[in-house]
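Visitor: Based on these hints, arrange chain B on the given structure of chain P.
Read top to bottom, the protein sequences are chains P and B. Each residue of the first sequence is one higher than the one before, starting from 1 at the first, in the UniProt record's numbering. Each residue of the second sequence is one higher than the one before, starting from 1 at the first, in the UniProt record's numbering.
These are calculated hints, taken from the structure and not from any lab test. Keep in mind that this is a model prediction, so the values were computed, not measured. Wrong hints could be hidden among the right ones.
Some chain B residues judged to face chain P by a derived CB distance under 10 angstroms, without partners named [unchecked claim]: (1) V154; (2) G156; (3) L160; (4) L161; (5) H163; (6) V169; (7) A173; (8) T175; (9) A182; (10) Q188; (11) R189.
Every residue, glycine too, gets a C-beta built ideally from N, C-alpha and C.
Below, each chain spelled out in residue letters.
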Amino acid sequence: MKLQVSNLNAWYGPAHILFDLDLSVGEGEVVALLGRNGAGKSTTFKSLVGLLERRSGSIVYEGRELASRPTHEIARAGLGYVPEDRRIFTELTVEENLEVGRQPARPGAPVWTPEKLYALFPNLAAMRNRPGGRMSGGEQQMLTIARTLMGNPGLVLLDEPSEGLAPKIVEDMATAILAMKREGLSLLISEQNLHFARLISDRAVIIERGRVRFSGTIAELQANPEVKEAYLAV
Amino acid sequence: MDFLVVQFLTGLAGASSLFLVASGLSIIFGVTRIVNFAHGAFYMLGAYIAYTLTERWSGALGFWGGLIAAALAVAAIGALVEIVLLRRIYRAPELFQLLATFGVTLMVQDLSVLIWGPEDLVGRRAPGFRHSVDILGQSVPSYDLLLIALGPLVLGGLWLLFHKTRFGVLVRAATQDRDMVAALGVNQRWLFTGVFALGVFLAALGGALQLPRDAVSHTMDLRIIVEVFVVVVIGGLGSVGGAYLAALLVSELNAFGILVMPTISLVLVFLVMAVVLVVRPHGLFGKPEGPPRAAIGGLIRPWRPLSGAERLGMAALFAAAALLPLVAGSYVLSVGTEILIFALFAASLQLLMSAGGIASFGHAAYFGLGAYGAALGAKSLALPFPAALACGIALGTLGAAIFGWFCVRLSGVYFAMLTLAFAQIAWSVAFQWTSVTGGDNGLLGIWPPAWASSPAVFYWITLALAAAGVAAIRAIVFSPFGYALRAVRDSALRAEAIGIGRRGVQWTAFVIAGGFAALAGALFAFLKGSVFPDNLGIPLSVDGLVMVLLGGVETVSGAVVGALVYRALSVVLMSQTDYSKLVLGLFIVVLVVAFPRGIVGSLQALLPRLRRARASSIGAAALRPAE
Numbered sequence: 001m002k003l004q005v006s007n008l009n010a011w012y013g014p015a016h017i018l019f020d021l022d023l024s025v026g027e028g029e030v031v032a033l034l035g036r037n038g039a040g041k042s043t044t045f046k047s048l049v050g051l052l053e054r055r056s057g058s059i060v061y062e063g064r065e066l067a068s069r070p071t072h073e074i075a076r077a078g079l080g081y082v083p084e085d086r087r088i089f090t091e092l093t094v095e096e097n098l099e100v101g102r103q104p105a106r107p108g109a110p111v112w113t114p115e116k117l118y119a120l121f122p123n124l125a126a127m128r129n130r131p132g133g134r135m136s137g138g139e140q141q142m143l144t145i146a147r148t149l150m151g152n153p154g155l156v157l158l159d160e161p162s163e164g165l166a167p168k169i170v171e172d173m174a175t176a177i178l179a180m181k182r183e184g185l186s187l188l189i190s191e192q193n194l195h196f197a198r199l200i201s202d203r204a205v206i207i208e209r210g211r212v213r214f215s216g217t218i219a220e221l222q223a224n225p226e227v228k229e230a231y232l233a234v
Numbered sequence: 001m002d003f004l005v006v007q008f009l010t011g012l013a014g015a016s017s018l019f020l021v022a023s024g025l026s027i028i029f030g031v032t033r034i035v036n037f038a039h040g041a042f043y044m045l046g047a048y049i050a051y052t053l054t055e056r057w058s059g060a061l062g063f064w065g066g067l068i069a070a071a072l073a074v075a076a077i078g079a080l081v082e083i084v085l086l087r088r089i090y091r092a093p094e095l096f097q098l099l100a101t102f103g104v105t106l107m108v109q110d111l112s113v114l115i116w117g118p119e120d121l122v123g124r125r126a127p128g129f130r131h132s133v134d135i136l137g138q139s140v141p142s143y144d145l146l147l148i149a150l151g152p153l154v155l156g157g158l159w160l161l162f163h164k165t166r167f168g169v170l171v172r173a174a175t176q177d178r179d180m181v182a183a184l185g186v187n188q189r190w191l192f193t194g195v196f197a198l199g200v201f202l203a204a205l206g207g208a209l210q211l212p213r214d215a216v217s218h219t220m221d222l223r224i225i226v227e228v229f230v231v232v233v234i235g236g237l238g239s240v241g242g243a244y245l246a247a248l249l250v251s252e253l254n255a256f257g258i259l260v261m262p263t264i265s266l267v268l269v270f271l272v273m274a275v276v277l278v279v280r281p282h283g284l285f286g287k288p289e290g291p292p293r294a295a296i297g298g299l300i301r302p303w304r305p306l307s308g309a310e311r312l313g314m315a316a317l318f319a320a321a322a323l324l325p326l327v328a329g330s331y332v333l334s335v336g337t338e339i340l341i342f343a344l345f346a347a348s349l350q351l352l353m354s355a356g357g358i359a360s361f362g363h364a365a366y367f368g369l370g371a372y373g374a375a376l377g378a379k380s381l382a383l384p385f386p387a388a389l390a391c392g393i394a395l396g397t398l399g400a401a402i403f404g405w406f407c408v409r410l411s412g413v414y415f416a417m418l419t420l421a422f423a424q425i426a427w428s429v430a431f432q433w434t435s436v437t438g439g440d441n442g443l444l445g446i447w448p449p450a451w452a453s454s455p456a457v458f459y460w461i462t463l464a465l466a467a468a469g470v471a472a473i474r475a476i477v478f479s480p481f482g483y484a485l486r487a488v489r490d491s492a493l494r495a496e497a498i499g500i501g502r503r504g505v506q507w508t509a510f511v512i513a514g515g516f517a518a519l520a521g522a523l524f525a526f527l528k529g530s531v532f533p534d535n536l537g538i539p540l541s542v543d544g545l546v547m548v549l550l551g552g553v554e555t556v557s558g559a560v561v562g563a564l565v566y567r568a569l570s571v572v573l574m575s576q577t578d579y580s581k582l583v584l585g586l587f588i589v590v591l592v593v594a595f596p597r598g599i600v601g602s603l604q605a606l607l608p609r610l611r612r613a614r615a616s617s618i619g620a621a622a623l624r625p626a627e
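Here chain P stands alone, though its shape is the one from the complex (with noise of 0.2 angstroms):
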């Protein structure tokens, strides 16, 4: 397994939001995550990277207990992380933001230029210099996906990226996370959108009310519409 997360438990000041999760993505794999508003998808995503300030449980990455290390140390071990909010820095240029995200290659990931990341998403090119706060909500979606990739991760929290976006755009989006897993990456992918999920995962997580509720292959829940109805449908 690329990550092996168990027991998983976070608390927002005393309210305590995640349950005892348990999910695992393996290496090369692409896994949703589902649920709805206020499921707790972004609260995994954020105490999975250390960005909570009270958590337990155990996140093994590549063989490595994070769950006890700051931040920084998660990203540095290869957990690429992408905020559902998208979190451009808005005053620094294209480049620049992609400078922010540089880190040194990984053995066994896939690695990263900025070249290469225009090249994944063209829009970026004809951008370089224009201030992150001056792009669209599709076009800052496109540069914080490549910003943590410059970080040449192994695995990628992607949260929602396919949410306020145009239909075209949830399209190329499509594109190029596929592009992304035929690199190597294995994703775990926040959604709320279940089309948008079964076009790029192999497997998906649903949670409820921070407890997981259903884990297994989106064939198994295609077939499965009692679930479906019961968590995910709005």
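Guide: Leaving out everything else, chain B in the frame of chain P:
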């Protein structure tokens, strides 16, 4: 005309050092979100160490090398302070950070007297820049021209650093979003230390460069820090370009203000600052601050009015205090009266800090205005004692109303810096307006009338007024207005959504707190029989903050206990040492790092069983939406 040009050049030269110090403060704030009060101390240390090095090392190389080496040495000291002290308090409320760095300032003051002596030191002139240059028939020191050139050079150098190096790009990124930078694999610790050292280097260089222009003295730290606060408030915290522009503006205002009227320069600067703040509340180039990360309110357990038994206990304490004159001599009574006065002063500040969630760094202004109001009322207007007290309250309230109107437009660190700047302006007026205030000599012979002049009677009067004041402040906290104030503290947005305007509520609290502080000041004037500019000074403002902190900032009126312990301690301890600032500074730092909840707060935490029965769970209130 020619003369004006020369004056303009003098202003430009003065702007360079100011810019160096202010840009350092701005850079540090941008990344660490700490307003480094000790920045003035590092500026002063830069000057002192440069003095020592340039005296030892001869020749031009020795001089210029000495300046740079001094700035580097101070930067290393700064890095040490960051690693040892600041790392522990990055997530603490702003108030704690300001206080801790002020504690460092106090320690540096005494240490520099210890090392370099109390006398002003006059350093070497700069080799190669000893002469004057003839410009339009007027002679201008060539060193001034060097400084004028240096400002834009440093500005350009900083621009290159921030745009052309990886370190600079990381700093700019961290200025916007520290957590995201960490999530991308950057170790923030060393970034923070590096930024702090860079900012301190700039401050120390600014100080070292003053060596050929001005004597080195141990008062230069507070002088520069107030000017720097004004500069960053005008220019916008976190903006280097804004710091440069504002430094130019302030220096030119000083240079030309002195021509018009020596005393008016500060008022001019103040007026400009006021205009800027009304038009652009975050300064010329500043951006709105995010919400403060740890408002004091977040720590507070639910408050409740005193129960019947506790009220009886308070009444018993009051009665015991009233019996003091029966057993104590006049010295103890005068100390007791002073403690009562400071209890009222600290309680008024606590209203702002605990219930209001806003920390004034210039609360002494209203204490001092009350003292001057009472003194002027008694002397110039020949008012009777009660009317003179009322006159003091009126002046203090008026001052709080005017200053507060500007201050509540800001929040967080901007608020703290502005209150400090206003207090310093009030101090300058008292210091410079000799014909009315007596300047440094103060106003003397302010004694209570015969019927109130015995220590016992004056003690009783003070006890009655202070107790009534503290009780009134408590009542305010638990009144509908107090709820509104606390609602604004906990969430200005939600409070405004239900029709409670933040500014109006905070301004009212500011004026009320100023009025009670003024009453304390008026009593103090009659206790001491005199008023001095010190009654408005920064040290007194900080004393107030320490009392609140010592008592417990999470409590409703722990400040009363804080004032009692702090004044008693200072009377006993300070008489034992010549290095009172060193002791006090260390005390503040230890307090902030080790006992952030204060005496009353710690006691409450130590007696959880007593409290648990009554305090409702805060869990439900603190629930936030998931995701």
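Visitor: All hints, please: hold or fail.
Guide: Hint-by-hint comparison with the structure:
1. V154: violated (21 angstroms)
2. G156: It is violated, given that the least Cβ distance between B/G156 and chain P is near 19 angstroms, above 10 angstroms.
3. L160: Where the cut-off is 10 angstroms and the nearest Cβ of chain P is about 14 angstroms from B/L160, the hint is violated.
4. L161: Since the shortest Cβ distance to chain P is 14 angstroms, the answer is violated.
5. H163: This hint holds: B/H163 lies near chain P, its Cβ roughly 8 angstroms from the closest one there, short of 10 angstroms.
6. V169: holds (5 angstroms)
7. A173: holds (4 angstroms)
8. T175: Where the cut-off is 10 angstroms and the nearest Cβ of chain P is about 8 angstroms from B/T175, the hint holds.
9. A182: It holds, given that the least Cβ distance between B/A182 and chain P is near 4 angstroms, below 10 angstroms.
10. Q188: Given a least distance of 7 angstroms, the restraint on B/Q188 holds.
11. R189: B/R189 check passes; min Cβ-Cβ to chain P is 9 angstroms, inside 10 angstroms.
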